[in-house]
Every structure is written in structure tokens, then in C-alpha cells.
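Asks: Chain order of the listed sequences is A and B. Take 5 as the starting number for the first sequence in the numbering used here and just add one per residue. Take 4 as the starting number for the second sequence in the numbering used here and just add one per residue.
You can take every hint at face value.
So the derived label-pair ranges between C-beta atoms look like this:
no.	chain 1	residue 1	chain 2	residue 2	range
1	A	Ile96	B	Gly114	42 to 52 Å
2	B	Met206	A	Ile228	48 to 58 Å
3	B	Lys178	A	Trp296	51 to 61 Å
Calculated from the structure, these hints are not laboratory results. Here a beta-carbon is modelled for each residue, glycine too, at the ideal position from N, C-alpha and C.
Listed here are the chains, written in short residue letters.
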Amino acid sequence: MPREPNAIDFWRGIALITIFINHVPGIYYARFTHANYSFSDSADLFVFLAGWSLRYVVGSPGRPQQPTGYLVLRLGGRAIELYAAQILITMIAIAMLAATASILDNPLLLEWHNAAAVFYDPILTHIGLATLTHHLGYFDILPLYVVLMAMAPVFAVVDRYAPNWVLPISLAIYLVTLSVPVPMPTWPVEGQWFFNPLAWQLVFVLGFVMAREDGAGGFVRRHIVALRWLSLPIVAASAYLVWHRMWPDPTLMPRPRLLFIVDKTYVTPLRLLQFLAVVALFSATYPYIKRWALRLVEFGSMLGRNSLVVFCVGSLLSLAGQITRFVYRGDIVVDTIVVISGIAIMAFVAWLPEWREQVRLKRSARPSPAS
Amino acid sequence: MARTGQVKKVGAAVAGVLTLSVIAGGVFGEGTSPAAPAAPMPPVVAPAPLSPECQGGSTDIVTESPLPHVAAALAKRRTVRILAIGNSAVGRRHGGYTKQIERVLKQVVKGANVVIINRGVSGELAANAALRIKNEVAMTSPDLVIWQVGTDDAFAFVPLDEVRETVESTIRWLKEHNVDVVLAGLQYVDRVAQDDNYYRMRMLLRDVAAKENVMIIRRYEAMQFIAAAQEAGGGFGPDEFERTEAGYNCLAQYLASAITVGAFGKGMSGRPLRGKGQPPAPPPQGP
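Can you make the complete structure from the sequences, with help from the hints?
Replies: Here it is as C-alpha cells:
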């Protein structure tokens, strides 16, 4: 039976829906996602909750659920699974762009989303695709997730033998990455990863350590009320600044500048702080949402429980939505159809494996009287 | 030259800055080496030449306006730092169009150090690019920003007023922060030639460039010329997809040309590098 609806799965489901909408640039409904009122967006939430979920696999320090060797292999296997997913959806996305360009006889579409290199410089770019150094636009979160999951065995082992060192190690990597700074280069197209994994690993690890009942997680749980009061002005002020586009001039910031500016690639401290404030504040709403909108919680949790397949299909649906908007000249009717059909398909692909599992369980239960 | 004949067939006149470089055509053909100076004179600045397929139509492909900060960097023999923002910097040859710019500039401005910082995020709307540009300027201190803008916003049907406001305010911000700007305009393909939203976006960018007195590379006109030449029977490539590739090659050349003209003016005396009293550049030798 699938897991009962819970806060982590629910918020993960919400993150998946908002990532889907935000990845259709220009769509009317993007204005309702929190990215428009916040330094951080659903990408931060997705990575944080991925780290939180890692805790369920690793177990609490001192109470290991499985042998360390098995754990390392399991996490490594998950990294390979994510890698395979990234290659699969990238290949489908390339085919979607190629098909659209061919049908519409419009080569500009081949240049959409960094696909130009695939078509115009295929020899090197195919190496880049396989080695995750070339990403299509909006298909750049999974490469980050692959690297984070490849790093996860290290964090899991440290957590098992020196649990209080996980966060300091992660923080040190983060600070060095931002201070130097250490870019994550793309190839063959010169540039940087949109999400620098050496910086973003801190968001992942924060989720991992906050999920602990003791340590940092215990501290947060004990002081959550005070933290929420602290968070309120941070969330309100950042919403005001973002809504009125009152970003501080980054050239006036002291060096090393990445420690003081608001930047997504390096998930800079201001962004990270604001994100943690959002989490602290909005986590308070879950019991009320559950009480007043149980169906919504069940729906979001169903998406969250099947996050990889929903994310993959959602990424392709975002691209399909962009193509649809391009062809039918996006207006609110088209946008509404894109959003409703997209969420419906995401729900279907989340429901399908759970339904199959239930059918399988029923079948395996049926022959028991004969045995 | 056969290609010159095609140019005449479509009745296009080569004008403005491009005239300077007609004679130097062929320099950028794949596999040909740059024309060496005829006389053993000190190296001087010559305009970045254009290969034949890039010697565009009846209008100026590059609007001229000064690039004072690039000129200052060259005069002080400081490394010229160029930040490239926009669509992915790709091309079939030599690692993409920004690599070509770097190479052309180093050929044309002898002794110049050029660093190109590629920060393209494909699919990104102007509003997001604007935020990123400011951060990248704070991080990398460029002398020049090359901004390919408009295509993704046109595809996403972002309201044109919003795009105008974003591009204008970003250009003004860059000027206030002593950074020169070159806009790379929209591309031409047959399919979008009649699209009114695309047309309005193209006009908008041209307006903004004129109003803010910044350079814009009119890629649309350049590629339209390539298309016309192609249809006239000569053909620079088998189809529209090839034309896009040619468009990128030309973009690199237009940008290099724009940068040299913007930094030194049409006279190209080389004074910013060599000081007064140097002889003017000899006319480039044709093939």
C-alpha cells in the first residue's frame, strides 16, 4: 500500500506542480507561483525535500536500518537511476524540438533551450550529453540531483560515524565554492551549470540534517515557534523587494560578492536564508491544509510519492506546453488548457504505478485459499 | 567572384561599415589564412573583415555607436572582457561564435587580449537575463556585454511593453556601470517572416537600440540577404538549417566588426593602440 499522505510528500507534490508551471516561461499562471514573491523558488524546495527523504533511507544516527555497504550501493544505484532518467528525458526533448522544427519548417526551434549544439555540433555535444556537461534549458535540475545522489553515500557514511560533522563539511564546501568561486563548467558549449552542485549540496544536506530528530533537526524542532517569528519579517521583506523589483545593486556588495548577492546558480546565503524562512513559516500551514483540504493533501502526496516519474513527465510536459503556446500563440485559454492537462497527466503517471501495485497485491493475495 | 555575381543578382548594395571590408572578403572562409599585411609596417588596427556570405543587404547590418570602455581597455592595453548573454554560443566551427569573435579581434587588433565570458542560459526570458546580467557584471567586471535578446520572449509571447522596459532599464544600468552594450537582434527564417509578434519584437529592439544609442546587429536583415541570395540560385547552403548556421558565423563577424568600429571609429587609424603619428591602415588587399 502507498504511504499515507504526509507533509513531505505533499510539499514535494506542490514543488513538482510549480516547477512544471515555472518551466513554461510566459505562461499566465506562473505569476501565482511563489517564485514571484521570493528569492527562492520550487527548485530549492525540491532539493531540500530530496535531502529530507534521504534521511528515511539512511536512518537516524546510532540506529542504522541497514548495513553501511548496502546503503552505499543503494544510494549509488539511485544515482544511476536518476542519470538514466536524465538521459531519457533529454533524448525525448531533443526529438520533440526536432519534430517541431521539422513540421513547422522553423530552424529557430532547433536553437531553443540549448539544443542548437546537439544539431549543429553533434559530435562533441553527444559526449557532453552523456557526461552531463551539456544540459538543455529547463532540463538542468536532474543533473544536479544526479551529482547530489552521487555525493549522498559520502554524507550518509559521515552521518553514520560522525553525525555532527555532516553539516560543517557541507558548509565548508559551500563557503569555499562561493568565496573562490568554483564554477561547474559546461562543455562543449562554454558556460556554467545553471545549478552549481558544490553550492546546492548545502540545500540537500540541510534537508538531510533537519530531518534528524536530534542534532540540528532537534534544535529546529525545539525552537520552531521562535524561528517562525524570526522568519516572518524575512519572508515579508523579501516578498516586498522581489515584487517591487528592488534588488540591491550587486556591484555595491563587498567581496567575495557571491556571499552577499542573491543568485540562483550558487544558491547564495541571502537566498538560502530566505528559503529556510519560507520553510519554517509555511510548514506551519500543513495541519490546516490537511484539515480543510484533505483531498488536496492526498493529491499532492500522490505526486510526491512518485516524484521521479512525475518530475520526468512534468519536464516533458513543460516543453510540450511551451511548444503548444508557441504554435497557438499563448493566451489565457491555451495557458489554462496547458496547466490543467499537464497536471492531469502528472496525476495519471503518479496514480498508475500505485494502481498496478495494488492490483499485484490483490492477485498475490487471491490464491492463498488454495495453498 | 561567383558570389559577388549573386550579390548583384539580388540587387543588394553593400553599405556602411561593410563596405570597408568587402575587399577583404574571403579572409574568413574555412581553411583560408588571414591576409598578411602587405608591407612590414607596425601592426595597425584594421576593421574586422567579413566573408562574402555575410556582406549583407541594402541596409546597414550594424548600427554604429561608440564602445568607449572597450576602446579604453584597448588603449590601456588591458584585457578586454566581453560578457556574452543569451542563446547558447554554438556553431559548427571552432567552438562557437564567441570563439570566432575572440579570434577575429585578436587578428584585427594586434596585441589585444580578449577574454569572452559565456553565460548564456538558453530559453531564458529577458527579465531573468536582466537580473543575471547585473550579477555577472558584479562578478566578472566586463567592458562589453553582448546580449542576444528577444527570441525567447517572442516565442513565449511576453508582452512587448514588459520586454521594452526590461531591455531599456538594463541598458541604462549597464551604461551607468561603465559597461558597453551590443544587442544581437532576432534571426530571420522564412516561417517567422510574416509573424506580427516577431516583427514587432524586431522593431522594438531596433527602437530601443536607437533610443539608447547602443549597437544592434541586425541579424534579420543579414540572414534575409543570405536567403535571397540562396533563392537566386547561388546558394550558400542546401536549406534553411544551413542558413541558420551561416547566420551564426556572420554574427561573429558582425560583432567583431562592430567592436572594432565601435572602439576605433570608421577611420581605423589604430591610434588608441599605437598613439599619434602612426600611418593609417593600408587598404586591405583582396584575394
